[in-house]
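Visitor: Keeping their order, the protein sequence lines are chains A and B.
First residue of the first sequence: 1, per this note's numbering; consecutive thereafter.
First residue of the second sequence: 233, per this note's numbering; consecutive thereafter.
Derived by calculation from the structure, the hints in this document are not laboratory data.
Heads up, a few of these hints could be off.
[Claimed, not checked] Calculated lysine-lysine pairs in the BS3-like style (CA-CA distance at most 30 Å, straight line): (1) B/K554 x B/K468; (2) B/K239 x A/K84; (3) A/K164 x B/K239; (4) A/K84 x B/K428; (5) A/K120 x B/K642; (6) B/K239 x A/K35; (7) B/K642 x A/K80; (8) B/K239 x A/K132; (9) A/K117 x B/K554; (10) B/K400 x A/K164.
[What the hints assert, rightly or not] To give an idea of the chain B side of the interface with chain A (calculated C-beta under 7 Å), a few residues: (11) N298; (12) K299; (13) P303.
Ideal Cβ placement from N, Cα and C applies to all residues, glycine included.
Listed below, chain by chain, are the residues.
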Amino acid sequence: MDNNHLITTENLTKRFPMGQTELTALNNINLTIRKGEFIGLVGPSGSGKTTLLNILGTLDSPTEGSAVVLGNNTAELSHKNSAKLRNLQIGFIFQTFNLLPVYTVYENVEFPLLLQKLGKSQRHDMVVDALKWVGLADRAKSKPAQLSGGQCQRVAIARAIVKKPALVLADEPTANLDAKNSHHILKTMETLNKELGTTFIFATHDEKVIGYLKRQITLDDGQIANDQVLKG
Amino acid sequence: MIRFLLKGLVRDRHRSLFPILVVSIGVMLTVFAHSWFSGMINDIIDSNAKFDTGHIKIMSRSYAENKDQTPNDLALTGINDLLQQLRDDIPEMAWTPRIKFGGLIDIPDEAGETRSQSPAMGVALDFYGPGGEVERLNIQNALVTGRLPRNPGEILISDELAQRLETKVGDTATLIGSTMYGAMAVHNFTISGTLKFGMKAMDRGAMLVDIHDIRLALDMDDAAGEIVGYMHPIYKDNTIQSIKAEFNSLHTENDDEFAPVMLSLRDQNGLNDYLVYAESISGMLIFVFVGIMSLVLWNTGLIGGIRRYGEIGVRLAIGENKGGVYRSMVLESAAIGFAGSLIGSILGLALAYWIQVKGINLGDMMGNSSLLISNIVRTRITEQTYYIGFIPGLLSTVLGSMLAGIGIYKRQTAQLFKELEV
Ligand SMILES: Nc1ncnc2c1ncn2[C@@H]1O[C@H](COP(=O)(O)OP(=O)(O)OP(=O)(O)O)[C@@H](O)[C@H]1O
Ligand SMILES: [Mg+2]
């Protein structure tokens, strides 16, 4: 196996029960994703983008076929081990930010490190670094409610990358943001991709995002309609 | 991590303050209700105990066997020594002698001829002795006219009897009865006051006399029908039973029919049956109460848990495992349940204690005091009161969140997200 292969899927299929019948959300997806890629998943609503991200992020498992993520076949992972894999290697960014409202910016970003049981001073250094990356070092003590949407999403990015994961999965990270903030977010992710070598995969409808992509995978009705490298 | 969770708990009032409030109110009500019911039971015991059974009573064996006839010929003798011994050996209880007797009350006119007459029953008390009878029986408040006996030969009679006999305070009343040895006894008393007993049979024809006077009248020197003992401040069945067992064991060897025997309150007047009945009724009420409280708290726990599926989804995505999330939820609810149950128990106990000590005087409100019916309502704290609210408070909160938490396991992680996104 090629060590650069971060993710491989083979005939990956996902069906959801729909009353008497089943709904095929993903149909025979074959994909190979390498370290350091910067990939956009595009396609119409209902085409299966979120479903694919959930499976790649080990939050869900395939009905048929397989997905190997960072050397782990997701179908064979126990709850415990998939949690461990997410904790150490995978960062998530959501459309709705999903920060924990009662905690400060600092504490939100610190949370994944607490789960890793890192020491206090190590956590501190890593959190400060991550907040610097996203340009929010001065808002460490704020609560999410005191931040703008763009700032919240940057906190969410900091939370995703603070543990320096191999893979970051983002589901429509710019959908709730205006143009200026969207560009800011993408530039931040682009820089992280370059400097840390973090692999990014995000689902998006957003035209503004397309220009940043290195590779664009188009889904349609659960199938890969197009897979093209945009820049190299 | 624990600190992190605690911070969240303290900062999020929906997760801490409100559930704690709900738990503590529920627990407080349960604790208070329990003490209230215990108080009610205790009250009924108490009015029986005060006038009749005592918390414990000593009689001679043969008197005890025929006690309904108040056979004073079988009365205990050597009372002074026995009382002294009891007061020395068991100083935590108040001991006092009583003589019950029956006879005719005769009201003479100026010429000494009978003006009116009625059968009467009487209780002789050690009015001013160390037994504290005047306070115990609330006699001062039960007076309708006149005053307490102050001089030898003064008696109190029921107000109803006084009216029927057309007599009043200051008049002479002659008691015609029989002495301890069966001879006829005729003794003149002066009525110093009239009383409301609060019980039909007594109000129809009863009198209170100082025990020293009745000893003279009935020739009962150093004798008494019974000695009653009272615990302070409240009746404790366990203590009473052990005092009784010990006292009676001292006299088992003695087969004299005049040897003293102790009977506890439960042994008399069918009070045991009553107690068992009352306890089971109040047990049922408390059970229903605790059940309702548990349902409410359970629901609070459930809602609290379900409200947090979103947060839980994020934590799972970030890499916390399901067991960890579940444990932290249960732990949180245990902390909430503990804090709420503790606060509720303390508040409930404090309120119960206050009413136990102070009492609520219904007599004052109704202006209707009597000797037999207690007009002060008191709560009563028993050992059960300490945990009757605490345990269900804690358990139902934890159980509620445990059930809510099962959702974490049942749902696909991705599904928790769906619920989070809408
Ligand atoms: N848990 C589920 N149960 C049943 N059907 C589901 C479930 N999750 C997704 N689906 C269905 O699978 C299909 C793909 O959904 P998915 O959320 O992946 O689309 P998407 O490309 O992310 O759409 P959007 O751009 O609107 O977010 C849809 O038809 C959806 O209704
Ligand atoms: Mg989607």
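Visitor: Indicate, hint by hint, whether the structure satisfies it.
Guide: Here is how each hint holds up against the structure:
1. B/K554 x B/K468: violated (51 Å)
2. B/K239 x A/K84: Holds: B/K239 and A/K84 sit about 24 Å apart, inside 30 Å.
3. A/K164 x B/K239: Cα-Cα ~26 Å, so holds.
4. A/K84 x B/K428: violated (82 Å)
5. A/K120 x B/K642: violated (35 Å)
6. B/K239 x A/K35: violated (38 Å)
7. B/K642 x A/K80: holds (15 Å)
8. B/K239 x A/K132: holds (25 Å)
9. A/K117 x B/K554: At roughly 17 Å apart (the allowed maximum being 30 Å), B/K554 and A/K117 satisfy the hint.
10. B/K400 x A/K164: violated (102 Å)
11. N298: Result: violated, 77 Å to nearest chain A Cβ.
12. K299: violated (71 Å)
13. P303: violated (79 Å)
Checked against the numbered hints given earlier, the structure breaks hints 1, 4, 5, 6, 10, 11, 12 and 13 and satisfies all the rest.
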